[in-house]
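Colleague: Read off the chains here:
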Amino acid sequence: MSTVATAPARTEPVQRAYPPGHEPVHNYLHEPGPGPDVHGFQRFWEIFKSWATTVDHKRIGVMYLFTISIFFAVAGIAALGVRAELLAPGSQFLTADQYNKLFTFHGVVMVFLFIIPSIPASLGNFILPIQLGAKDVAFPKLNLMSYYLFLTGASIALYAIFSGGIDTGWTFYTPYSDTTNTAVLPMTMAVFVAGFATILTGINFIVTIHKMRAPGLTWNRLPLFIWALYAVSIVQILATPVIGITMVLLALERFIGIGIFDPALGGDPVLFQHFFWFYSHPAVYIMILPAFGVISELMGTFSRQKVFGYRAIALSSVAIAMLGFMVWGHHMFVSGQSPLSSIVFSVITFLIGVPSGIKILNWVATMYKGSVWLATPMLFALAFLFLFTIGGLTGIMVGAIGVDIHLHDTYFVVAHFHYVMMGGTVFAMVGALFYWWPKMFGRMMSETWGRISAVVMFFGFNMTFFTQFILGSQGMPRRYFTYLPQYQDLHVVSTIGSWFLALGLLMVLGNMIWSLFRGKPAPGNPWGAATLEWTHTTSPPDHHNFHRTPLVTHGPYDYDVLFSGDGAGGDGAGGVRIAGQPAPIPDPEVGGPQEMEKSVDQGTSQPDSALD
Amino acid sequence: MEQKGSFWLPPQSSTTAHEIDALFYFILWASVVVMVGVTFFMVYYAWKYRRRSHADRPVEVHPSKALELSWVVVPSLLVLVVFFWGFKTFVSAGIPPDNAYEIRVVAKQWLWEFEYPNGTHSVGDLYVPVGEPVELVMTSTDVLHSFFVPDFRVKHDVVPNRYSTVWFEVKEAGEYQVFCTEYCGTSHSEMYAKVIAVDRGTFNQWLQSGGGGEDLPLPRLGEQLYTQQACVTCHSIDGSVKVGPSWLGHWGQTRPFADGGSAVMDANYVAESITMPQAHIVEGFANAAMPAYPNLTERQLAGIVAYIRELNGDWSAADSVAAASDSTAAPADSAAVPAAAEPVPAE
Chain D
1 MSTVATAPAR TEPVQRAYPP GHEPVHNYLH EPGPGPDVHG FQRFWEIFKS WATTVDHKRI
61 GVMYLFTISI FFAVAGIAAL GVRAELLAPG SQFLTADQYN KLFTFHGVVM VFLFIIPSIP
121 ASLGNFILPI QLGAKDVAFP KLNLMSYYLF LTGASIALYA IFSGGIDTGW TFYTPYSDTT
181 NTAVLPMTMA VFVAGFATIL TGINFIVTIH KMRAPGLTWN RLPLFIWALY AVSIVQILAT
241 PVIGITMVLL ALERFIGIGI FDPALGGDPV LFQHFFWFYS HPAVYIMILP AFGVISELMG
301 TFSRQKVFGY RAIALSSVAI AMLGFMVWGH HMFVSGQSPL SSIVFSVITF LIGVPSGIKI
361 LNWVATMYKG SVWLATPMLF ALAFLFLFTI GGLTGIMVGA IGVDIHLHDT YFVVAHFHYV
421 MMGGTVFAMV GALFYWWPKM FGRMMSETWG RISAVVMFFG FNMTFFTQFI LGSQGMPRRY
481 FTYLPQYQDL HVVSTIGSWF LALGLLMVLG NMIWSLFRGK PAPGNPWGAA TLEWTHTTSP
541 PDHHNFHRTP LVTHGPYDYD VLFSGDGAGG DGAGGVRIAG QPAPIPDPEV GGPQEMEKSV
601 DQGTSQPDSA LD
Chain Y
1001 MEQKGSFWLP PQSSTTAHEI DALFYFILWA SVVVMVGVTF FMVYYAWKYR RRSHADRPVE
1061 VHPSKALELS WVVVPSLLVL VVFFWGFKTF VSAGIPPDNA YEIRVVAKQW LWEFEYPNGT
1121 HSVGDLYVPV GEPVELVMTS TDVLHSFFVP DFRVKHDVVP NRYSTVWFEV KEAGEYQVFC
1181 TEYCGTSHSE MYAKVIAVDR GTFNQWLQSG GGGEDLPLPR LGEQLYTQQA CVTCHSIDGS
1241 VKVGPSWLGH WGQTRPFADG GSAVMDANYV AESITMPQAH IVEGFANAAM PAYPNLTERQ
1301 LAGIVAYIRE LNGDWSAADS VAAASDSTAA PADSAAVPAA AEPVPAE
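Going line by line, the protein sequences match chains D and Y.
Using our numbering, you'd call the opening residue of the first sequence number 1 and step up by one each time.
Using our numbering, you'd call the opening residue of the second sequence number 1001 and step up by one each time.
Because the hints were derived from the structure by calculation, they are not lab data.
Treat each hint with caution, since some may be false.
To be verified - Restricting the straight-line Cα-Cα distance to at most 30 angstroms, the calculated cross-link-like pairs of lysine-lysine (BS3-like) are:
# : chain 1 : residue 1 : chain 2 : residue 2
1 : Y       : K1004     : Y       : K1088
2 : Y       : K1048     : D       : K369
3 : D       : K49       : D       : K141
4 : D       : K369      : Y       : K1065
5 : Y       : K1171     : Y       : K1194
6 : D       : K135      : D       : K520
What the hints assert, rightly or not - One-sided and incomplete, this derived list gives chain Y residues near chain D with beta-carbon spacing under 8 angstroms:
#  : residue
7  : S1031
8  : V1033
9  : K1065
10 : T1089
11 : S1164
12 : E1298
Unchecked claim - Okay, the calculated bits of chain D under chain Y, using three or more residues with CB under 8 angstroms as the criterion:
#  : stretch
13 : 337-347
14 : 385-397
15 : 408-414
16 : 479-485
For clarity, every value in this text was computed on a predicted model and none was experimentally measured.
Think of the CB as a built atom: it goes at the ideal place given N, C-alpha and C, for glycine as much as any other residue.
Model the full structure from these sequences, guided by the hints.
Modeller: Shown next, in the form of structure tokens:
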């Protein structure tokens, strides 16, 4: 073994006096690693190994973030390809078969490798234990195993794509998926394996939330992000096994012809749709519920106001998670299921719309009499509210059974779920990244470019997808390689919009990379939030998150405690003083509109559990 | 089509379309009201309560139970109204009248085949009488398809081993586009058909003629069949390769087969390829599963052959004169296709 030094010295000297025994150890980005005498590949290998074998939830969260970002980029480029091909009827630069593989690739990668793990696995892994005041998740090694299962599933998916691709659409509907000669078999295995990552992460989160909350962190004081992740975890555990088994059945069907789904063998193709949507509709909530959690955090922090109807939002997440299991049939109104079940599914679908509607109204009401700071994360949160409301209302449209007959499998549906998935989850995720980036990497992103990117993305998104509502209601079916000339104008507008959307996302990416090297060092609590990850740990957090388990004395959105010197540390000690100075946490300057222009006092404004 | 569509929806050409449209517009306008409300309060609050200084503090708000309850109850009632309305249109659009005229539909990759009660077949063109309810009893021979006519607001999946039905009553004579809306493979986006609505007299005439085309010269009949029978979906006439080989440029040439044999592309070979497409597959097209066309008449086969010959410059006016005898020279049925022209395949 090469020389392993202890924690490297911090680049800037710590000027503040810490109580004995409470000096910062080292943050998670600077774990003990190879000494200065190790160079070249050996150095890279040592650092790689320390990341690859880590059980630190923060590092695993960052690894997930890195991995899913790559999948998002690749699948996003595929989407641009799909849009470019649709600039005109007929073949532009792809054949019909290549086009079918491309949109399938976009769908499968976006759904299974990006959006399902997106917020829970990356930000959830990083933030959840810290928001709970815990040192790590309940099963750190299981957490690492989840990551590797995900990576294995993703590798098999990539193998499937490079060994000829798959052209079934992300829905794998039988009997087409039984008969097509593309790589369905490896792809089903990929979904099967990646599913275990989801299940294990869900178990980990549930146990962590139940057993590892800091003292004083009652259920009614849980941040809404945690509530959302809790609801998601339930869905992950209960729904994911169904897709796993469905994929195994599909694989067996192709492999040995067991005749479950293939009508030629006496099977029933509609049964596959039931199995598939029994998972995939709850999976929609796996995708959107974490975004709800993020938006609750953002609306609270940037309005400096208690989130309106905290309990309604918390419980409606759980209600949505439960009801989400009973609406899968609304994907099948015209598929040949019985009319009676269509009607029952329709009515439950409407009932599930209500909790989502309540959340939107509560979020808007949160701004009432607050102190609204239109920083980049808040811009993304407001964009989310606008886009998700459209997504939800058009959900009412396609849930109305008579109207759905006309709209089913047209671009209207495509636009609807992109408003929910992209306009909802992706906008929330980008907002969440702007929000938690300083905590994760200790650097501020550019606020100016952040705001510009938010506006460009919002504009590009609406241009891309609002046109598709009109295309769809005019009758343009989805998954069409070519189309009738009457639809071309709207397709052109949509494609141009996709370039603006891509431009906005590139700005976000550039901003992130820029901040890692040139961003201002982040203070502990740049936004003036009141949850534990901001008030009780440094940016980036120390190896163990907290030096001492925090004691929680107030709710997650009680911003007034930030202003009262007393008990602001949340430890009940009351007005902690260090070296005669008041503790820096309840800094009323923090989170002001001019915060970005202020030079940050490196180190001293770090709220730190050392203050306990 | 006389009627114009609106910004959102295509023309209402069936008797049930207006019911679905009424609900569509109700939800649309209710949504616009909600959107305007949400956006207004979002922008207004963001401006009115904007942060003016670092130490800006919120005013404590006591949540009003009545307010919270109101936005639970009102949306619930609203969506229940929408549900019942949607349910009503679903039922009325879903149950065909007793006197509906029944047409059987078979969907396959990638064409629509229609069979009328008197035995008449057509592919790609669905003739229906105007002003009479028509019920389609549909099934598929391979994968899932879905029958969609935007102007009629009807859609239903077509499932192998099952019969599914849609019904509609066309209000005005005209041509209406049919789409396949369930993804079914390579040429899914070209699996078009047309509903041709004509008055009852014309319809009866068409039925009796068994699909028409008697009085056309052979190449014109072939040209008509090329689109009518959906050959266009997979075979180009400009030399480009689609799912199947192009009709241009191979006439009279020796074609290599996937199984190693070969044959000259002549009338016999073309007729065999139409009636028994799997018998010999040209190299490079092994994955293409062309459906068989056993129902084409002898004259129709001759027409297609003539059209291919014309495309390749092998058809002259003299041939047209001799057309009658030429058509009888074509094989009477698939069994009569002489095997001598091709080498014996390995299978």
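Colleague: So, for every hint listed, does it hold in this structure?
Modeller: These are the hints, each one checked on the structure:
Distance restraint check for Y:K1004 and Y:K1088: the Cα-Cα separation of roughly 26 angstroms lies within the 30 angstroms cut-off, and the hinted pair is therefore satisfied. Among the hinted pairs, Y:K1048 with D:K369 is consistent with the structure: their alpha-carbon atoms are about 8 angstroms apart, no more than 30 angstroms. Distance restraint check for D:K49 and D:K141: the Cα-Cα separation of roughly 15 angstroms lies within the 30 angstroms cut-off, and the hinted pair is therefore satisfied. Between D:K369 and Y:K1065 the CA atoms are separated by roughly 17 angstroms; this keeps the pair inside 30 angstroms, and the hint holds.
With a C-alpha separation of about 16 angstroms, the suggested pair Y:K1171 and Y:K1194 falls inside the 30 angstroms cut-off, and the hint holds. Restraint check: the Cα-Cα separation between D:K135 and D:K520 comes to about 27 angstroms, which is no more than 30 angstroms; the hinted pair holds. Hint on Y:S1031 holds. Least Cβ distance to chain D is approximately 4 angstroms, under the 8 angstroms limit. A cut of 8 angstroms between beta carbons decides the hint on Y:V1033: the least distance to chain D is about 10 angstroms, and the hint is violated.
Interface hint at Y:K1065: violated, since its Cβ lies 10 angstroms from the closest Cβ of chain D, which is beyond the 8 angstroms cut-off. Given hint, Y:T1089 at the interface with chain D, holds; its Cβ is 3 angstroms from that chain's nearest Cβ, closer than 8 angstroms. A distance limit of 8 angstroms between C-beta atoms decides the matter here; for Y:S1164 the minimum to chain D is near 5 angstroms, and the interface restraint holds. Interface hint at Y:E1298: violated, since its Cβ lies 32 angstroms from the closest Cβ of chain D, which is beyond the 8 angstroms cut-off.
Only residues whose C-beta sits within less than 8 angstroms of a C-beta in chain Y count toward coverage, and the stretch 337-347 of chain D has 5 of them, enough to reach three; the restraint holds. For the stretch 385-397 of chain D, the proposed coverage by chain Y is satisfied: 8 residues have a C-beta within less than 8 angstroms of a C-beta in that chain, meeting the threshold of three. Taking a C-beta to C-beta cut-off of 8 angstroms, the stretch 408-414 of chain D contributes 3 residues in contact with chain Y, enough for the three needed, and the coverage statement holds. Coverage of the stretch 479-485 of chain D by chain Y holds [criterion: at least 3 residues with CB-CB distance below 8 angstroms; count 6].
In this structure, the hints that do not hold are numbers 8, 9 and 12, in rising order.
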